[in-house]
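Chemist: Each chain, written out:
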Amino acid sequence: MKIWHLFPKNTLQRWLPSQNEWSLIVAIVVALAFTAIVDTNHTYFFRPLESLRDIARNSAMLGIFALGAAVVIIAGGIDLSSGSMIALSGTVCSVTMLALAPAEMMAFQPVGWVVVLIAILASLVTGFFVGTLHTWLITVVRLPPFIATLATLVGLRSFARALCESSTAVLTPTKSAVINVADPVFKSVRDNVWFSVGAFLVLACITWLLLSRTVLGRHIKALGGNEQAARLAGIHTDNVKWFAYCFGAMTAALAGLFYVANESVAAPVNQGRGHELNAIAAAVVGGCSLSGGVGTIPGTVLGAFFLRVVIDAVSKIIKTGADVYEGLIVGGVVVLAVTFAQGMSGGQRDRRILPGTLGLCTIPVLALIAGSLAAMTTGFGSGLAAGFTALIALLSLRIYESRRSN
Amino acid sequence: MEVLSEVAVTMEGITKQFPGVVALDSVTLHVRRGEVHALCGENGAGKSTLMKILSGVYQPDAGQLEINGKKVIFQGTRDAEIAGVAIIHQELELVEELSVSANIFLGREPRTAFGLLDNKIAKKKSQSLLTLLEASISPDGKTGSLRVGDQQLVEIAKALSLNASIIVMDEPTSALTDLEVERLECTINTLRQQGCTILYISHKMDEVFRLADQITILRDGRLVCTVDKTKTSPAEVTGWMVGRNIEKHRFRRQKTIGKCLLEVRNLSLTSKDSSQRGRLHDVSFRVHAGEVLGIAGLMGAGRTEVLEAIFGATHSRWQGEIFLSGKKVKFNHPSEACDAGLVMVPEDRKRLGIFENFYVNENISLCSLSRTLRNGFLNRQAEEGLVAGAINKIGIKTSSQAAKITQLSGGNQQKCIISRWLLTKPKVLLLDDPTRGIDVGAKADLYTLIDSLCQAGIAVVLTSSELPELLSLADRFIVMNEGRVTGEFSHDEATEQKLMAAATLG
Numbered sequence: 172m173k174i175w176h177l178f179p180k181n182t183l184q185r186w187l188p189s190q191n192e193w194s195l196i197v198a199i200v201v202a203l204a205f206t207a208i209v210d211t212n213h214t215y216f217f218r219p220l221e222s223l224r225d226i227a228r229n230s231a232m233l234g235i236f237a238l239g240a241a242v243v244i245i246a247g248g249i250d251l252s253s254g255s256m257i258a259l260s261g262t263v264c265s266v267t268m269l270a271l272a273p274a275e276m277m278a279f280q281p282v283g284w285v286v287v288l289i290a291i292l293a294s295l296v297t298g299f300f301v302g303t304l305h306t307w308l309i310t311v312v313r314l315p316p317f318i319a320t321l322a323t324l325v326g327l328r329s330f331a332r333a334l335c336e337s338s339t340a341v342l343t344p345t346k347s348a349v350i351n352v353a354d355p356v357f358k359s360v361r362d363n364v365w366f367s368v369g370a371f372l373v374l375a376c377i378t379w380l381l382l383s384r385t386v387l388g389r390h391i392k393a394l395g396g397n398e399q400a401a402r403l404a405g406i407h408t409d410n411v412k413w414f415a416y417c418f419g420a421m422t423a424a425l426a427g428l429f430y431v432a433n434e435s436v437a438a439p440v441n442q443g444r445g446h447e448l449n450a451i452a453a454a455v456v457g458g459c460s461l462s463g464g465v466g467t468i469p470g471t472v473l474g475a476f477f478l479r480v481v482i483d484a485v486s487k488i489i490k491t492g493a494d495v496y497e498g499l500i501v502g503g504v505v506v507l508a509v510t511f512a513q514g515m516s517g518g519q520r521d522r523r524i525l526p527g528t529l530g531l532c533t534i535p536v537l538a539l540i541a542g543s544l545a546a547m548t549t550g551f552g553s554g555l556a557a558g559f560t561a562l563i564a565l566l567s568l569r570i571y572e573s574r575r576s577n
Numbered sequence: 004m005e006v007l008s009e010v011a012v013t014m015e016g017i018t019k020q021f022p023g024v025v026a027l028d029s030v031t032l033h034v035r036r037g038e039v040h041a042l043c044g045e046n047g048a049g050k051s052t053l054m055k056i057l058s059g060v061y062q063p064d065a066g067q068l069e070i071n072g073k074k075v076i077f078q079g080t081r082d083a084e085i086a087g088v089a090i091i092h093q094e095l096e097l098v099e100e101l102s103v104s105a106n107i108f109l110g111r112e113p114r115t116a117f118g119l120l121d122n123k124i125a126k127k128k129s130q131s132l133l134t135l136l137e138a139s140i141s142p143d144g145k146t147g148s149l150r151v152g153d154q155q156l157v158e159i160a161k162a163l164s165l166n167a168s169i170i171v172m173d174e175p176t177s178a179l180t181d182l183e184v185e186r187l188e189c190t191i192n193t194l195r196q197q198g199c200t201i202l203y204i205s206h207k208m209d210e211v212f213r214l215a216d217q218i219t220i221l222r223d224g225r226l227v228c229t230v231d232k233t234k235t236s237p238a239e240v241t242g243w244m245v246g247r248n249i250e251k252h253r254f255r256r257q258k259t260i261g262k263c264l265l266e267v268r269n270l271s272l273t274s275k276d277s278s279q280r281g282r283l284h285d286v287s288f289r290v291h292a293g294e295v296l297g298i299a300g301l302m303g304a305g306r307t308e309v310l311e312a313i314f315g316a317t318h319s320r321w322q323g324e325i326f327l328s329g330k331k332v333k334f335n336h337p338s339e340a341c342d343a344g345l346v347m348v349p350e351d352r353k354r355l356g357i358f359e360n361f362y363v364n365e366n367i368s369l370c371s372l373s374r375t376l377r378n379g380f381l382n383r384q385a386e387e388g389l390v391a392g393a394i395n396k397i398g399i400k401t402s403s404q405a406a407k408i409t410q411l412s413g414g415n416q417q418k419c420i421i422s423r424w425l426l427t428k429p430k431v432l433l434l435d436d437p438t439r440g441i442d443v444g445a446k447a448d449l450y451t452l453i454d455s456l457c458q459a460g461i462a463v464v465l466t467s468s469e470l471p472e473l474l475s476l477a478d479r480f481i482v483m484n485e486g487r488v489t490g491e492f493s494h495d496e497a498t499e500q501k502l503m504a505a506a507t508l509g
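Residue numbers (this note's numbering), protein chains in the order written: chain A, 172 to 577; chain B, 4 to 509.
Note that these hints are calculated values from the structure, not bench results. In this text the structure is predicted, and so the values were computed from the model without any measurement. Think of the CB as a built atom: it goes at the ideal place given N, C-alpha and C, for glycine as much as any other residue. A couple of the hints might just be wrong.
Short, incomplete list of chain B residues facing chain A, as computed with Cβ under 7 Å [stated by the list, open to error]:
id	residue
1	V227
2	V230
3	A316
4	S319
5	F334
6	L372
7	Q384
8	G388
What the simulated footprint calls covered on chain A by chain B, stretch by stretch (three residues with Cβ under 8 Å from a Cβ of chain B suffice, anywhere in the stretch; the number is not a length) [stated by the list, open to error]:
id	stretch
9	398-407
10	445-455
Here's a subset of chain B near chain A, in silico, CB distances under 8 Å, partners left out [what the hints assert, rightly or not]:
id	residue
11	Y61
12	I260
13	C263
14	V267
15	S271
16	F288
17	A343
18	P349
19	I357
20	N360
21	N378
22	F380
23	L381
24	F492
25	D495
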C-alpha cells in the first residue's frame with residue numbers, strides 16, 4: 172500500500188487489484204488451502220473439478236444479484252428485497268410458462284423456446300417494475316430506502332406465494348405452493364455450470380464498465396457520495412436512483428431464473444429467503460461502504476466468491492449441512508472483513524478491543540459462542556475445552572490491554 | 004489596567020504528526036489567566052490541532068502541557084473538562100432535536116432522587132447560565148430551530164456549566180452575521196471580566212484586534228511569535244501569517260460593463276413550512292456582462308434562496324420572471340440552468356459542493372464529462388487533459404490529480420468547485436459566500452479569479468457574510484432583509500454603515 176502512495180495514480184495501478192482486493196485474493200487462497208488440508212475426506216484433492224463446479228455455480232448465483240446490491244449501495248441506497256425478488260421472478264417465469272403451455276408443463280414436457288423466452292422476459296420486466304416501484308416509494312413518497320425495500324421484502328414474497336397458489340388453482344387441477352419446471356432449457360442450465368458462470372462474468376464485466384467508464388456510472392458514485400451536491404451539480408438524481416434500483420431488482424430477477432433452473436422448481440415459500448443479506452454482505456466484504464459512493468465491482472465479485480468459498484469450506488470440514496451454519500459464517504465473515512479493512516485504514520491502532528464494563532461482559536459472550544459452536548460440531552468435551560481456552564485468552568487480552576493503557 | 008500575571012496555560016514543545024504531515028513542530032504557548040489570547044494562522048497552520056491537543060481531542064507526540072501551573076496529561080476530552088478546559092468547535096456539536104437545556108447538560112443530566120431526569124433543575128440552571136450570557140434564549144426551545152449565533156451561545160453556556168475557566172473558540176464567527184459577531188464580542192468581554200481565559204482562533208484581523216490581549220501566530224505548524232496587541236498592526240500579523248505581505252486588494256480599475264445578462268423581476272417565494280426562512284418578496288435586480296453584483300444581508304435574509312430559485316435548485320414554487328440574455332427562462336432543475344449557461348457555487352462547500360469519495364480530477368470534471376467521452380466511454384487521458392488545463396488556469400495547489408479532495412485546503416477545494424463550473428463555460432456565475440472559512444492567501448486568489456472572470460465578460464452575482472470583502476469586490480449592491488430588497492447602491496455610494504443599516508432596518 173505504502174509503495175503505491177509514492178507514485179501518482181497511473182495506468183498500471185488502475186489495472187492492478189486494490190489493497191482490499193489483494194487481501195480477498197489471499198484470503199480465498201488461504202481458505203481453499205486450509206480446507207483442502209483439514210477436510211478429512213480431502214474432497215478438493217480427490218474431486219477437484221466437482222468441488223470447483225459447486226463453488227463456481229454458487230458464487231455465480233450469489234454474485235449475479237450481489238452486483239445489483241453493490242450498484243444500489245454505491246448509489247447510496249440499500250435493497251433489502253432481492254431475496255423476495257428472486258422468489259417472485261421464479262414464480263412469474265413458471266406461471267408464464269404454465270399459462271402459455273399448461274399441458275406440457277403438467278406432463279413435464281418441453282414447452283418450446285418461444286415460451287421460455289417470453290417467460291424469461293416476463294421475469295426481467297417484473298424486475299423493472301419492482302425497481303420502478305422502489306424508486307417511486309423512495310423519491311416521490313419519500314420513504315427511506317431501508318423502509319421501502321423492507322416493505323417489499325415481506326410484500327413481494329407474499330405476492331409471489333399468492334400468485335403461485337391462485338394461478339395453479341386456475342391452471343392446474345390442484346392448488347399448489349410450488350410449480351415444477353422440467354423444460355430442457357432449464358435442465359441444461361442446471362447441468363452445465365457455464366450458463367450461470369458465464370452470465371455472471373458477462374454481467375460483472377458490463378457492470379464494471381458501467382461504473383468505471385460511463386457518465387451514468389460516475390453519476391451513480393456522485394449520488395452515493397453526496398446526494399445534495401450531485402443535484403446541485405446538475406445530475407438528475409431521481410433518474411440515477413431509478414436506474415440503480417431497477418438494476419438491483421433486475422439482477423435479482425435474473426438470479427431467480429437460475430434458482431428455478433437449479434432446483435427444477437419455483438418455490439416462492441423458501442426460494443432465496445434471506446439471500447438479500449448474503450448479497451449485501453458480499454458487496455460489503457468486497458469494499459462497498461454502506462454510506463454510499465465507495466465500492467468496486469472486482470471487489471464485489473471477489474467478495475461473493477470468498478463468501479461461498481468459506482461456506483463451502485465449513486460444510487466440507489464439519490460434514491453437516493452448510494445451510495445450518497451459513498448465517499453464522501456470513502455474519503462472522505462480515506464482522507472480520509470490515510474490522511480488518513478498518514484496521515488497515517489505520518488511525519485506530521491503539522484502540523482497546525475490550526474496554527470497560529462492556530468489554531468485561533463481552534468476554535463470556537464470545538467464549539460462549541466459541542464453546543457452543545465447538546460442542547455442536549465436534550462434541551461436548553472439545554466444546555468445553557474451546558470455551559475455556561477462549562475465556563482464558565480473552566481475559567488475558569483484557570488484562571494486557573488495561574496494563575498497557577496505564 | 005491590572006497586571007495579569009498568573010499563567011493559565013503552558014504548552015511546551017508540542018509536536019504532533021499525522022500520516023504524511025507534521026501538523027505541529029515543537030510549538031510553545033503561554034496564556035495568562037483572564038486574557039483573551041488570539042491564535043492566528045492560515046488554514047493548515049496548526050491552530051486547530053494545537054487547540055484540540057489542549058482540549059484532549061488529540062494526544063501530542065511530544066511536549067508537555069500545564070494547566071494553572073500543574074502538569075497534566077489528557078487522555079480524552081473528559082480529562083480536559085475536569086481540568087477546566089472546554090472547546091467550542093467550528094462545527095457546533097449540538098443535538099438539534101433536543102431542547103436547549105438538554106444540550107447544555109448532555110451527558111451530565113441532573114437527576115431526581117429516583118434516578119429520573121430532573122428537567123426542572125436543568126431548566127433553572129440553564130436559564131441562569133443564559134442570563135449570565137445576556138442571551139434571550141428559552142431553555143425549552145428546540146436547539147435546531149435556533150440561529151447559528153444562538154446555538155453558539157448554547158455551546159458557551161455548556162462550557163460554563165462545566166465550570167470551565169479556559170474556553171477555546173475555534174473560528175466562532177465564521178458562520179455569524181456581523182450583528183451576531185458583535186454580540187459574541189460582548190459575551191467574550193463578559194466572560195473575561197468574570198475571570199475566564201479565552202483562546203480565540205480567527206483569521207479575521209478586525210476581530211482579533213478588537214478582542215485580543217495577546218496574539219500568537221502560527222505558520223506551517225511552527226510558532227512565528229506571540230505579541231502584545233498594542234505592539235503590532237493587522238498588516239504585520241497578516242504578513243506573519245502568510246509569510247509575505249499582502250497588499251490590500253483594489254480591483255476598482257476600469258471595467259467594461261456589457262449588456263444585461265441576467266434580469267430578475269419580482270421574484271417571490273412562499274415556502275411550504277411557514278417559517279421565516281425561505282421567503283422572498285418581489286426581489287428584482289439586473290446583472291450585466293463583466294459586472295459583479297453583491298448581495299448583502301444578514302444570515303436568513305434570503306440571499307441563498309434568491310440564488311437557488313434562479314438556479315432551479317429550490318423545491319418550493321416561486322413567482323416572478325427571470326430573463327437570461329433577454330430570454331425568459333424558468334429552470335426546474337440545476338441541469339437546465341447549467342445548459343443555459345447559468346451556474347451556481349453553493350454556500351456550504353463541504354455539504355453541498357465537494358464529493359469526498361472522489362479524487363480531485365473527478366470532482367472537477369463532473370459537470371463536463373461529455374467532453375471526455377471517446378466512443379461513448381469516459382476516457383482517462385481526455386479527462387486528465389481537461390482537468391490539467393483547469394488546474395493550471397485557476398492555480399489549484401494539489402500534489403496530483405489523483406489526490407483525495409479532502410487532502411486539499413478549503414480554499415483549493417473551493418477552487419475545484421469553481422473550476423468544475425467554469426469548465427461548462429457559463430455566462431452567469433452565482434457565488435454564494437465563496438470565501439467562507441478559507442484562508443487569507445486563498446481568498447486573495449479567489450478575488451483575482453473573480454476579477455479575471457469579469458474581464459472575460461462573465462456576469463457574477465456574489466454574496467458574502469463579510470462586508471469589507473463585498474465592498475471591495477462588487478460593482479453594485481443590493482441589500483436584503485427578511486426576503487425583501489431594502490437597498491440598492493452603486494459602488495461609489497456604498498459604505499459599510501449604509502449597507503448595514505439597510506440590512507438591519509428595512
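Chemist: Next, verify each hint and record whether it holds.
Modeler: Evaluation of the provided hints:
no.	hint	verdict
1	V227	violated (29 Å)
2	V230	violated (36 Å)
3	A316	holds (6 Å)
4	S319	violated (15 Å)
5	F334	violated (10 Å)
6	L372	holds (5 Å)
7	Q384	violated (9 Å)
8	G388	violated (15 Å)
9	398-407	holds (count 9)
10	445-455	violated (count 0)
11	Y61	violated (11 Å)
12	I260	violated (28 Å)
13	C263	violated (24 Å)
14	V267	violated (19 Å)
15	S271	violated (22 Å)
16	F288	violated (22 Å)
17	A343	violated (11 Å)
18	P349	holds (5 Å)
19	I357	holds (7 Å)
20	N360	holds (4 Å)
21	N378	violated (10 Å)
22	F380	holds (4 Å)
23	L381	holds (5 Å)
24	F492	violated (30 Å)
25	D495	violated (35 Å)
Of the hints listed earlier, those the structure fails to meet are numbers 1, 2, 4, 5, 7, 8, 10, 11, 12, 13, 14, 15, 16, 17, 21, 24 and 25, in rising order.
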